[in-house]
Amino acid sequence: MTDKLTLEEFFNLLKKYNVEELEGVRIEGDLEIEIEPGAGIDANTINALVALSQYVNLIQEFGNFLYHTNMALSYLQRLSTALGIPTPFAAPQPVAPITPEVPTVEVPRFEIPEKLVEARFEPYKSEYTGVIQEVTLGATRADGGTREVTVTIGGEKSLPFYFFDADMPHLPVIAIDIFDRRPMLAKAVREHYEDVLDDPAEWAKKAVKDFNADLVTLHLISTDPMLEDTPAREAVKVLEDILQAVKVPIIVGGSGNKEKDPEVLEKAAEVAEGERIMLASATLDMDWERIGNAAKKYGHVILSWTQMDINNQKTLNRYLLKRVGIAPESLVMDPTTAALGYGLDYAYTNMERIRISGLRGDSDLAFPMSSGTTNAWGAREAWMTESPIEGDSPWGPRELRGPIWEIVTGLTLALAGVDLFMMMHPGAVAVLKEIMYTLGGKVEGEAVDPSAWITMEG
Amino acid sequence: MKVKSPLEVYKFLPQTNCGECGFDTCMSFAAHIIDRGVKPTDCPPLVKESEKDPKLKKKLEELIKLTSPEIAEVIIGVGDSAIKIGGEDVLHRHELTFFNPTAFFYDVWDTMDERELDERCGKVVEWKKFYVGDYLTLDGIAVRCTSNDPEKFKEVAKKVAGYGKPMILVALNPECMRAALEEVASYRPLIYAATEANWKEFLELALEFNVPVTLRAKDLNLLKSMAVTFKNAGVNDIVLDPVTEPLGEGLRSTYERVIQLRRTAILAEDKDIAYPIMVTPLVAWTIDADDVTKAYWETVIGSLFVVKYGDVMIFHSLEPYTLMPTVTLRYNIYTDPRTPVQVEAGLREINNPSPDDPVFITTNFALTYYTVESDLTSANIKCWLLVLNTEGLGVEVSVAGGQFTAAKVKDLIEETGIADKVNHKYLVIPGLAARLQGAIEDETGWNVLVGPMDSGRIKGWLEQNWPPKK
Ligand code: B12
Ligand code: SF4
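Residue numbers (this note's numbering), protein chains in the order written: chain A, 1 to 458; chain B, 1001 to 1470.
To be clear, the hints were calculated from the coordinates, so they are not data collected in a lab.
Watch out, some of these pointers could steer you wrong.
[As the list claims (entries may be wrong)] Facing chain A, from chain B, some residues (calculated, C-beta under 7 angstroms): (1) T1229; (2) V1283; (3) L1318; (4) P1320; (5) T1339.
Bear in mind that the values here come from a model prediction, so they are computed numbers and not experimental data.
Every residue gets a Cβ at the ideal spot worked out from N, C-alpha and C, and that includes glycine.
Between the sequences and the hints, there should be enough to build the whole structure, so can you do that?
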């Protein structure tokens, strides 16, 4: 995904440091700079590069420009290779006089000191200037809704669970996904919901009562023109049922259809007026303005969803805040979740960079993050009965593989800064909560001798 | 690494572009020092000159210091299977990359019966899972001394050494450790562990047998004191174990200790604790629960510290549902974010296809390509596989983003000359590219069949759909 904006910014930055246009240089994609063969690279360019190199540290100060610094460095490297000439950066070394070798004496046996050298460990402390926005989902009667509980996320001043840097006012929460028609589900997930698949209200109750969901996410997938194409007006009746059935905050999603979703979410916003639901989601390629306006008009939170691109995330957030006029306390971001083994590295790093930027004071990115962790079930390791690869060691029972795929995907992203997880498997929900509560200091845990494993038999 | 630009390194080099290092220029060599492909001592003239001139020698030492990783690198084992741990430079992978993936060791114990021991060691050696073009494997075996009998421990350590994997020897009793080292020190095992109680004996063992040593203490002042003491006495290969506690407050404070150690080493440049960190997820097996719960919790602890700075770990469970997520996570976290993961576009012949066999098309994103290729190969499907240059993007992403287009498919068909190699005109596209079916038919004149969403299901799909019903 080429991003012209940042590259422009990058070159503006170079200009700021008196680095002139680099001729014969082509930029490809996000990271690569290529030198056209035969490009006339002259002394000016080299001087410009020397100037640039002196500013590398300066540029690195701009955390966000790190990728581009790398870009500049790799450009330097390639340039030198392309030039294939000694570069005039340093004067040649004088030839040193030859001195005879000093023979080293072999030290005999080691000595064991009597006492330990006393040393003190002084832990490093990080402080950030930014604070992640606090966002409250759901409204009680006092605030014009009918929820019995509300959920507040965000408010971090440090990296996730770094209590030694700053308090984390709210631990991440978990929403369970429910659907207004039978979705395709992995067997290990489906068996927990078999009895409620055709009754969203009962499904919601089960998610809250039996599986401990902090929130419920209702996906109105039947509105998809390729499926039942349920009209918006009719589809949102299910939302009304859900609001009756459970008293936790609600998130509502459409079918993902770019044309229809704005209408569906608008209707949902209308029937849930005052309940402070979250509309999932506005994206750059649909009518985000209409969805944003609906959220604003009826007092809801909006989920700003982009596809793994920090700059797109910034752009969409800015549109929603500045053009639509969404209040900062009503915005949550979904920078996209890819499953363990299927792009989790991209998702993790994208979220981690977004969170660090927010903490460093980028007010366009200082919002809580949401993750569609259910995506983990798309990984074949989560649902296939056996490996399709002949050389693989056996994969074992999939009933045990699936939930842990969802847990590890969620846990990894919790460490990148996710505040709200959308999940499905009740076991995965329970384990992820347990570990987050543990890191959050909410679980005392029985005392265990941490040396016992050394001599345990079995 | 203290230097960030090749220019800073270049200053230290002979600047003769003699090419002995294998690169055309000193500048190019310098660039590879920065990306850690080579070390200063890989420049022969530099080494030769420094042997003659103390001043140049000092300069080389300075360069080595400037370019050595922030966290010390420690090698466990010998020969091809030896494994490097530590050597990290940054706290977040996007700042550069992480270098040496967390080493995974699996435990055996010396009171195990022989058959069981063989079975477990065999599993560690043989276990593998295919992922983006290669098999993920496990690194080594940790032998725990549960007998407290030096002879017994020695005998089992020797047996395990025969499996050829790097080893960690686990015993707090120096007598037992000595006995085992007398037998297997030449395999360069990591010894575990020096503590407040036994550190003198362990220091002696580390020096005498020249093996890497783990220091274990929950109190970080004590841990640092031990590290300084060992270093002063001449031990360079040190691993720190800030003690893994499995539950509640204990696990929370383990997280804090591990992060503080790594962060202080890198940001406060505290060289006294800039060593690889050991985490022991197998402590989960001492909690009171059923086996699946313990295995899950072990995976959770392991995953937590694969993301956050664990350099070497000891696990207990060898169940696929614990191995698969942890090795995959490790791969993902340690993937170099600087290099695009793509393969060459073109035509691949899978299992010696004949002109009657089907033609498939996929993208050149490494994850996509290898998944598809290995699915086809291992299901013994004879076919022609076209690989489209989508600039390293997967199917759905490139269809959405416009890198997977009918026009490009047409070009690829022409470039590869596939039409002359088969006696039909049927092209099977991925299920996720279904929306391009019409466009590709119009553009190429081939009949386009929409395959399944997942390439793992191609075999079943072929049974229904190939040869195509005219
Ligand atoms: C990782 C990812 C990215 C990464 C891509 C990294 C890369 N190198 O590809 C990045 C961040 C760059 C990205 C960008 C975008 N993404 Co994206 N991305 C994903 C994500 C999370 C995973 C995709 C993936 O890698 N899957 C794994 C690979 C192995 O799967 P695969 O290539 O499809 O291969 C499988 C099958 O197709 C099949 N198969 C493959 N070949 C063949 C051949 C035959 C013959 C057969 C039968 C089968 C077959 O088998 C394979 C194994 O199962 C998905 C969401 C998700 N969870 O799926 C979104 C997703 C694909 N992205 C999406 C979008 C919209 C985008 C963007 C357009 C967003 C934007 N507005 O900027 C950009 C496009 C950029 C561009 N093209 O220029 C959408 C696509 C929606 C759609 N259907 O149109 C998705 C589905 C997310 C969503 N729900 O909105 N994305
Ligand atoms: S061997 Fe040394 S002097 Fe020769 S080109 Fe390489 S870096 Fe330069």
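If you take the shortest Cβ to Cβ gap from T1229/B to chain A, is it below 7 angstroms?
-> 5 angstroms, holds
Report holds or violated for the interface hint on V1283/B, using the least CB-CB distance to chain A and a cut-off of 7 angstroms.
-> 5 angstroms, holds
Taking 7 angstroms as the limit, does the beta-carbon of P1320/B come near enough to a beta-carbon in chain A?
-> 4 angstroms, holds
Would you check whether T1339/B satisfies its interface hint, that is, whether its CB is within less than 7 angstroms of any CB in chain A?
-> 9 angstroms, violated
Quick one, is the L1318/B hint okay against chain A at 7 angstroms, beta carbons?
-> 10 angstroms, violated
In summary, the numbered hints that this structure violates are 3, 5.
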